[in-house]
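Novice: Sequence:
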Amino acid sequence: MHSHKHHNHAETHSVKNKKFLFFSFLISIFLAVSKFTIGFLSNSSALIASSIDSIMDATSTSINWFILNESSKPADHDHPFGHGKFEAFSGLIQGIFITGISIALLSYSILQIFEQNIKQAEVENMQIIGIIITIIAIIIPLVLSYYMKRQAKKSSSLILEAEHSHFFADGIMNAGVLFGLTISYFFQIYWIDSIIGIAIAIWLFWDIKDLLLQSFDILTDKKLPTVITNQISKTLKECVQKKTILGWHDLQTRRSGSEYHINIHLEFDNKILLEAAHKKSDIIEENIKNIFPNAIILTHFDLHSEYLTSNTCNK
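Per this note's numbering, the sequence shown runs over residues 121 to 435.
It should be emphasised that the hints constitute simulated quantities derived from the structure, not laboratory data.
This structure is a prediction, so every number in the text was calculated from the model and none was measured.
Cβ coordinates follow ideal geometry from the N, Cα and C atoms, glycine included.
A hint or two may mislead.
[Claimed, not checked] Keeping only pairs whose Cα atoms sit at most 27 Å apart, straight-line, the calculated DSS-like set for lysine-lysine is:
| hint | residue 1 | residue 2 |
| --- | --- | --- |
| 1 | Lys342 | Lys362 |
| 2 | Lys343 | Lys273 |
| 3 | Lys342 | Lys354 |
| 4 | Lys409 | Lys273 |
| 5 | Lys342 | Lys329 |
| 6 | Lys409 | Lys362 |
[As the list claims (entries may be wrong)] Pairwise CB distance ranges, derived in the manner of DEER restraints:
| hint | residue 1 | residue 2 | range |
| --- | --- | --- | --- |
| 7 | Val360 | Phe142 | 46 to 54 Å |
| 8 | Pro345 | Lys399 | 51 to 59 Å |
| 9 | Lys273 | Ile252 | 55 to 63 Å |
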């Protein structure tokens, strides 16, 4: 029963996540074509470069679509713990990808400081329609990023978290490009583009580090954050107070995709029947799943020891 509810919950989020990815793919294609066309007609290298970034976003989204399909597959004979780590692998690859782009952007921006003539020629040839398309390229990614962030939190999806980071970074980057190009165009301060580019590159480094660390933690089976294990421990303590169990030990946790895998050793007296122990275990699992619907819980039954003076868990 609990397993059925969990799969319905996961499948609903999976469908929504795929819709978000498909929509983000269409947006990336639209922005890429628009920026490249206007950039080509207005002879704007900045817009052409921005269109290449949108093309890379579309490519990344296509990869994410494939990985989401794989990660949402149920457990099978060869993968008894499911395919959730595909998401973490995707997050790690994208984190490395964005880091590479940031390094390239940083290097390019520094070099452009010393190439003012090229920068001036770009600005002088830029048309007002280029500024308009850049404004559109700011609004759409930021709005999409906001809704992706909400869905990523609801579904605990690293893929949508990565897509959120992509589009949010694009929106901020385009805002910086717009500011720099506008200042350069109207005030002939040509080096401002390069300074903004350097600032954006540094910001991208800072923004992507959490995704990299989170993906690495999942791939290495790091325990869940302390705030989560504390909530689990609190639930177990309440069960002890209600005499559902006498105690517990060896609480082990890890994350795989959007699932929380929780292993617990429950302690009973030496007179309890196996059927009764299972019923009490079901109660505990239900209490934990009320807090974490995406939890996969494995319990082991042990005898309670009167010499155990304190309950411990891996935090």
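Novice: Compare the structure with each hint and give your call.
Specialist: Hints versus structure:
no.: 1; hint: Lys342 x Lys362; result: violated, 31 Å
no.: 2; hint: Lys343 x Lys273; result: holds, 19 Å
no.: 3; hint: Lys342 x Lys354; result: holds, 21 Å
no.: 4; hint: Lys409 x Lys273; result: holds, 17 Å
no.: 5; hint: Lys342 x Lys329; result: holds, 17 Å
no.: 6; hint: Lys409 x Lys362; result: holds, 18 Å
no.: 7; hint: Val360 x Phe142: 46 to 54 Å; result: holds, 47 Å
no.: 8; hint: Pro345 x Lys399: 51 to 59 Å; result: violated, 31 Å
no.: 9; hint: Lys273 x Ile252: 55 to 63 Å; result: violated, 33 Å
Checked against the numbered hints given earlier, the structure breaks hints 1, 8, 9 and satisfies all the rest.
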